[in-house]
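Protein chains: 2
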Amino acid sequence: MAGHAHNAPQLTKNQALVLGTLESAGAPLSAYTILDHLRGEGLRAPLQVYRALDKLVAIGMVHRLESLNAFVACRHPGCGHHETVAFMICEACSNVGEITDASLEDRLKLAAEDAGFAPKRSIIELRGTCRDCQS
Amino acid sequence: MAGHAHNAPQLTKNQALVLGTLESAGAPLSAYTILDHLRGEGLRAPLQVYRALDKLVAIGMVHRLESLNAFVACRHPGCGHHETVAFMICEACSNVGEITDASLEDRLKLAAEDAGFAPKRSIIELRGTCRDCQS
DNA sequence: TGCCAGACGTTATACCGTTACGCAACGAAC
DNA sequence: GTTCGTTGCGTAACGGTATAACGTCTGGCA
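Same order as they appear, the protein sequences are chains R and S.
1 is the number of the first residue of the first sequence in this note's numbering; add one for each residue after it.
136 is the number of the first residue of the second sequence in this note's numbering; add one for each residue after it.
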């Protein structure tokens, strides 16, 4: 359990349990899978997990993968400042990598503004094959 | 009803009904909303809609918006060749715009390959406010 | 004629996420 | 110290999203 050394605002018990589950999995988990892992710790209802996830996502320690309806612990040791992140999701091994590329973000923002669109949040997810899974 | 003039492989009845519903809505619809619109035409089960959607997405006449769990008719008159498309989703009016920017795609592909990742499909969705909805 | 592939229809089920309650703990304000 | 707002917690019920597992029907074709 490497454990992040974030500027983390004292996680509550449920939040710590959920984060711990995601970190030790090292791969995306659905909310219900997390719940199943935590029934032994006393959690019983989806809402308990979703509330913890909401908070963890809000403070940037967990990311939601929209195309998977799943959640993953943030990989960046220095979490905290969260611009746009692009995810690389391996369809063979489920590993998830993160890209933060300022020029990519700029391009995207520019293209949007050309169309008169004011973006608030960007979702970028690549599905494919990671280095280790390419034969 | 503008109606696409695609190189479309003879849609079946259900596929045509689903596509028509999406085109006349002009905004993203969930599969179940489509189903509700089509109960009058004899459709009864989600699967009938999902099967039609699968086909329409495969031939590029409909896009799936992952962050919305919804579907939208393709806006491009000249559909058919589908590279990466980025969607601009207005949170005020639900309109969806499409961006196809080759240099954006290149940047993304480059960044991925730097990480040894071989992408198959890209999902890019911007949430924000469209031109008309910015006061 | 017999076979096969593809679309279709139905039922049931699994998976994902939220609404609507009410309770308990804590800190700030007065 | 009581009041009050805020935040987190727990439970039950529900609604929205998607698929599994059947079986049927049709058209093409050897």
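Check before you lean on any hint, since a few could be wrong.
[What the hints assert, rightly or not] Output of the computed footprint for chain R on chain S, the stretches with three or more beta carbons under 8 Å from beta carbons of chain R:
id	segment
1	181-187
2	222-232
3	253-266
Derived by calculation from the structure, the hints in this document are not laboratory data.
Quick reminder that beta carbons are idealized off the backbone N, C-alpha and C, glycines included.
Taking 8 Å as the Cβ threshold, is the statement that the segment 222-232 of chain S is covered by chain R upheld or broken by the three-residue rule?
holds (count 4)
Check of the segment 253-266 of chain S against chain R for coverage (Cβ-Cβ below 8 Å, three residues minimum)
Satisfied; 14 residues make the cut.
Please check whether the segment 181-187 of chain S has three or more residues whose CB lies within less than 8 Å of a CB on chain R.
violated (count 0)
Hint violations for this structure: number 1 only, all remaining hints satisfied.
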